[in-house]
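**Q** Residues per chain, in single letters:
2 protein chains.
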Amino acid sequence: MFKANITITLRSSILDPQGKASHHALGELGFGSVQSVRIGKFVEMEIKAASKSEAMEVAENACKELLANSVMEDFHVEIYELVA
Amino acid sequence: MFKANITITLRSSILDPQGKASHHALGELGFGSVQSVRIGKFVEMEIKAASKSEAMEVAENACKELLANSVMEDFHVEIYELVA
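Line by line, the protein sequences are chains Z and W. Read in this note's numbering, the first sequence has 107 at position 35, and its numbers run on one by one without any break. Read in this note's numbering, the second sequence has 89 at position 17, and its numbers run on one by one without any break.
Just chain Z, with the same shape it has in the complex (with noise of 0.2 Å):
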């Protein structure tokens, strides 16, 4: 069994409405170090796979069918294997 752990995030080029309340509400609790905010979405997956390479195809595979916007986010995948 493999643990994926997924970070989909929006391309730089995307307005993130999100990001920048969260960066104008921290500054108003008086977090000014903050520069810049940016909120993607964080999936972690268990994946019944022969080997690692087959856990990462199936990963990929769920973000660009399903997961992510491909026109909007990139997402970077991380395979972990889990010993019983």
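Pulled a few chain W residues facing chain Z out of the computed Cβ check, cut under 8 Å: (1) L98; (2) V115; (3) M117.
Don't read these hints as lab results, they were simulated from the structure. Every residue, glycine too, gets a C-beta built ideally from N, C-alpha and C.
Since the structure of chain Z is provided, determine the placement of chain W on it from the hints.
**A** For chain W alone, kept in the frame of chain Z given last:
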């Protein structure tokens, strides 16, 4: 300048309907090897700070005071130094 990569995840005891829906949809798309899906947030933050530990403190406080719901969510912060 430092960059904080923050993952915010629902505690394992909390039901994750978004993850359940994604898991179901992946099953329909033929991803039978995916055993579970949980969906959280990924926050990227740029922080002006004198040291890595100061940046870590800012990021952790931002999570505690605004970004994470401490009753339902856990967060994990990684700090990187940005080299100009």
